[in-house]
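Please take these sequences and the hints and turn them into a complete structure.
Just so you know, the protein sequences line up as chains A and B, in that order.
Under my numbering, the first sequence has 23 at position 23, and the numbering climbs by one with no breaks.
In my numbering, each number is its position in the second sequence, counted from 1, plus 1000.
Do not rely on the hints blindly, as some may be mistaken.
Unchecked claim - Computed list of lysine-lysine pairs in PhoX-like fashion (alpha-carbon distance at most 25 Å, straight line):
no. : chain 1 : residue 1 : chain 2 : residue 2
1   : A       : 291       : A       : 311
2   : B       : 1161      : A       : 337
3   : B       : 1077      : A       : 291
4   : A       : 173       : A       : 189
5   : B       : 1003      : A       : 311
6   : A       : 292       : A       : 337
7   : A       : 173       : A       : 183
8   : A       : 292       : B       : 1161
9   : A       : 311       : A       : 189
10  : A       : 339       : A       : 292
11  : B       : 1037      : B       : 1131
12  : A       : 337       : B       : 1037
13  : A       : 256       : A       : 183
14  : A       : 339       : B       : 1077
15  : A       : 311       : A       : 339
16  : B       : 1106      : B       : 1038
17  : A       : 256       : A       : 291
18  : A       : 291       : A       : 339
19  : B       : 1037      : B       : 1106
20  : B       : 1003      : B       : 1131
21  : B       : 1131      : B       : 1077
22  : B       : 1003      : A       : 256
23  : B       : 1161      : A       : 74
24  : A       : 311       : A       : 183
25  : A       : 339       : B       : 1037
26  : A       : 337       : B       : 1003
27  : A       : 339       : B       : 1161
28  : A       : 311       : A       : 256
29  : B       : 1161      : B       : 1038
30  : A       : 256       : A       : 189
31  : A       : 197       : A       : 291
It is worth saying that the hints were derived from the structure and are not from the lab.
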Amino acid sequence: MEIKRKESDFIVTVSPHVRSVETVPRIMWTVVVSLLPALLCGVYFFGLRVIFVTALCIVGALFSEWFVEKLAGKPITIGDGSAFLSGLLLGLTMPVTVPFYIPLISSFIAVGITKQIFGGIGYNIFNPALIGRAFALITWPRAMTSWVEPSKMFDLNNIGAAFSNIGMWLDGKTSATPLGILKLEGIAKVFEPYAAKADLYMNLLIGQRAGSIGETSVIAILIGALFLMLRRYISWHIPVSYLATVGLFSWILGGKEGLFTGDALLHVLSGGLMLGAFFMATDYVTSPSVKKGRLVFGFGCGILTVLIRLKAGYPEGVMFAILIMNCFAPLIDRNLKQKVFGLRKGK
Amino acid sequence: MDKELVHLFELFISASLINNFVFTRFLGLCIFFGVSKKMETAVGMSVTFTAVMVISAALSWLIYNYVMIPLDITFLKIVVFIGIIATFVQASDTIMRKITPGLYYKLGVYLALISTNCIILAVPLINAGEKYTFMTSLVFGLGSGIGFALALVIMASIREKLELADVPRPFAGLPIAFITTALIALAFTGFAGMITL
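Dropping the structure here:
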């Protein structure tokens, strides 16, 4: 009797031949799940419009993936979660007030241009979500920097108000992010509304501040990141060296009264640093794959973040820092890769 | 003195990173795309380019300030600078071939390409326009050269990685290199406003 076998029973790949249950979709969907706390915090602080903005980003990302793959005649891979993840990450970096076309266009730039044209998953040089956001920030600077104060729109006693904001942003007190205030008005203004310094830090930890949808709550991001670290999906190298460098250099250079007077904690807890350090700088494809290289990568991101925050025109530097280091990732990998055993230098 | 050094350092960082010729002014793209396919040629080009840049900045500064300004012929600066650069590059090509054939075979091929590069011409023109001093001109030339070298090396490492990528056919080769450059330029806008000279 002839044994019928499916084509997928014969798997021919190059070494290493390691059997593992880990697959790309599994990792991607796990990362999506680990971002849910941050998303829920966004909904809690900024209202149901958060869902609308994020959904637009995800739909745009999935459509771009399908569209470019269809045009290129490649197998459609919208189910593997990577486009979904890019869309979700892009959504988390948007302010809640953006008009509906910004998420759609920038998610096409993110997934269609930055990922698919470079050959799809595994080949992109830059982090898709960050390119999408950088593009949006430069194209619509006004819309991408109009922040509102968190107001706990999702109030159970007043469900109607939560829904009223979905189509267009109607009310909500406009406000600046802590880093924006720091840039324009100085550090005293940041602490002004608070009785004690600890109150501000507490608010930053919880996420009670103006900012992008998913970047505000440090605790929610850490919960997701810890989950990923325990599953060993992300290694500690990049986040730890990134956060440590930002803390160190903002302490050394950040103060007005001279060296070593900066407020490191404020810099580490605010802005998109947590989201960037744990979920964007650690992207497998766009960061170095050798461990030493990851430390260098995190260090570079940290220095650039502090430099841009303190010296450049933009109040926040995480996005640009990671993108600039993405350019250097192939170079870092090239120069720090493990030497083949027994090979002599030269020749 | 101290303030002057800080200014020179700022100028260097500005020329090499913040106002990088390739990523913010989009100059010198022909060489940039021409030799960034392989790391080896990119490194060779970077070394030659930086050296030529510094020396031609110095030569044209001397001629501009000691010949052209006294004679009041500054309106001829484009023609004169092109002449200076072409003469210098051709001369060093000949001298190198005679004196150090080894070095010539390594770097000589890039010299011919450099003589028509727009950054090499832009730097003396900017030096003349901004009325930089001799030292400032040298630092500006060095910064521009290092900035171009950095851009080349980054691009070469990315393009070597892209060789293995499954890029859709219409975008393979130069188109994807242009898109990559655009995205790097997008990333480099983060530096905007860091140093205002």
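Each hint tested on the structure:
1. A:291 - A:311: 30 Å, violated
2. B:1161 - A:337: 14 Å, holds
3. B:1077 - A:291: 52 Å, violated
4. A:173 - A:189: Satisfied, since the Cα-Cα distance of roughly 18 Å is no more than 25 Å.
5. B:1003 - A:311: 18 Å, holds
6. A:292 - A:337: 9 Å, holds
7. A:173 - A:183: 20 Å, holds
8. A:292 - B:1161: 19 Å, holds
9. A:311 - A:189: With Cα atoms ~19 Å apart, residue 311 of chain A and residue 189 of chain A stay inside 25 Å; holds.
10. A:339 - A:292: 13 Å, holds
11. B:1037 - B:1131: 37 Å, violated
12. A:337 - B:1037: Holds, because 21 Å separates the two Cα atoms, which is no more than 25 Å.
13. A:256 - A:183: 12 Å, holds
14. A:339 - B:1077: Distance ~52 Å between residue 339 of chain A and residue 1077 of chain B Cα, so the pair is violated.
15. A:311 - A:339: 39 Å, violated
16. B:1106 - B:1038: Cα-Cα ~15 Å, so holds.
17. A:256 - A:291: Violated, at about 36 Å.
18. A:291 - A:339: With a Cα-Cα distance of about 13 Å, the restraint between residue 291 of chain A and residue 339 of chain A holds, given a limit of 25 Å.
19. B:1037 - B:1106: 17 Å, holds
20. B:1003 - B:1131: 19 Å, holds
21. B:1131 - B:1077: 13 Å, holds
22. B:1003 - A:256: 20 Å, holds
23. B:1161 - A:74: Measuring from Cα to Cα gives roughly 21 Å; hence the hint holds.
24. A:311 - A:183: Judged against 25 Å, a Cα distance of about 9 Å means the pair holds.
25. A:339 - B:1037: 24 Å, holds
26. A:337 - B:1003: 41 Å, violated
27. A:339 - B:1161: 19 Å, holds
28. A:311 - A:256: 13 Å, holds
29. B:1161 - B:1038: Given that 25 Å is the threshold and the Cα spacing comes to 10 Å, the pair holds.
30. A:256 - A:189: It holds: about 14 Å lies between the C-alpha atoms, which stays within 25 Å.
31. A:197 - A:291: Between residue 197 of chain A and residue 291 of chain A the Cα gap is close to 37 Å, so the pair fails against 25 Å, i.e. violated.
When the structure is compared with the earlier hints, violations turn up for hints 1, 3, 11, 14, 15, 17, 26, 31 and for no others.
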